[in-house]
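J.: The sequence shown begins at 2 in my numbering and counts up by one.
Hint data in this document are derived by calculation from the structure and do not stem from the laboratory. All values reported here derive from a predicted model rather than from experimental measurement. A couple of the hints might just be wrong.
Unchecked claim - Pairwise CB distance ranges (calculated):
{"#": "1", "residue 1": "Ser-314", "residue 2": "Asp-221", "range": "55 to 63 Å"}
{"#": "2", "residue 1": "Phe-240", "residue 2": "Arg-160", "range": "41 to 49 Å"}
{"#": "3", "residue 1": "Asn-324", "residue 2": "Glu-202", "range": "47 to 55 Å"}
{"#": "4", "residue 1": "Ala-37", "residue 2": "Gly-96", "range": "48 to 56 Å"}
{"#": "5", "residue 1": "Asp-288", "residue 2": "Tyr-313", "range": "51 to 59 Å"}
{"#": "6", "residue 1": "Asp-45", "residue 2": "Ala-232", "range": "37 to 45 Å"}
Glycine residues also receive a C-beta, built at the ideal position from the N, C-alpha and C atoms.
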Amino acid sequence: MNMKYLLISLILLPLTGTAQTYTLEECCRLALEQNAKIKTATNDRSVAVMEKKEAFTNFLPSVSLMGGAMKADDAMLQMAMGDQTMKLMDGGMYGSVMASLPIYAGGKILNGHKLAELGVEISELQLHQTQNEVKLTVARYYWQIVVLTERLRTLESVRELLDNMNRDVNHAVEAGIRKRNDLLQVQLRKNDTQSAFIDVEKNLEVCKMLLAQYMGVESDKVEVAISLDTAPVSPDALFVNHTDVLETTPEYRLLQKNVDAARLQKRMALGEYLPTVSVSGGYMYQDFMGPSQNSFIGMVSVSVPISWKAPYSVKKQKYRYRNAVTKLNDGGEQLIIRMQKTQNDLQSAYQQVLIAQKSIDQAAENLRLNENYYKAGTSSMSDLLDAEMLFKQSKDKYAESYANYEIKKTEYLQATGR
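Sequences and hints are given; from them, build the entire structure.
T.: Quick look at the structure:
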């Protein structure tokens, strides 16, 4: 009979497919390659690169070409010369090529190019932030799946325990040793356990779908590698001086770039009211007036804008620059506070894991003693079922504490620029 079932399984295996088991690192790698947020941030960076290249073209001369032809049924220009009439412009061709190069534009071209370069750097930092956000979200989905999977395992072990209790108590009731009320209590607890098992199973299915969508893979092909057998190592080795690493965080570097951008925008505002000097030259051809004419042209132009708005526009940008500096100082202080908070959360999460680990041993011993007491007739079924519930809760608490520790570790590493 076993061989029959084995053959059926081998036949159906290629049809059903097998789920792929992923580690947390593999989940993050796939999400960084295929997640929609990453793709959007990458495209935004490409836009910034194109804007930088576009800004560089302002250093190059602008060239324009123009040409055309005309034919009239009668000359457009006629001059009487004695008995004869000279007719001109009854047709012809014209063409020109002109080039213009700004020599000085109040710093607008140079500062505009620097702003575009700054835009590329800002887009890279924003991409880094998006990557961190995606990694943290993946970690949360991953460890939620771990918690739910462990909860299913615990419920399965509780079901086996209750099945054994149900069998033993049923025999005892039939033998007249135990009351039927004990058997009803076990059966009610079995129903509650089965109901909880169904709820956890459905929640686990949804969590796997969310993780799969974030990774860009099929939802029914995702399993996670689980290992909660060993307690996490103390996080003390991860702690760093928060002031020293402040400037390595993408959030602080973005604040610095905002200050640089405000400074350049202030210069750009001033450049709007400075003289502009440019040189231009070109070649022109036309034959409307008889013989063709070829002309080479060169020009120098100076433009001096006069505006009543200049002082106010520049001052407006100065205030914006001051705001950027204020946000930099305030943001730096908030980031250091955030680092300290995530460190405290990480230390607390580690202690919670150690406490939960001890609770499992204590709950297991309490369950063992209550089983013996019940068999000896010195405790009630309610006491035994309470001990079973405490054991289940301790197992669930350990899985939740372990997952919370791993998430807090990711948050602390990201907060300190790692």
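J.: In ascending order, which of the hints set out earlier in this document are inconsistent with the structure?
T.: none
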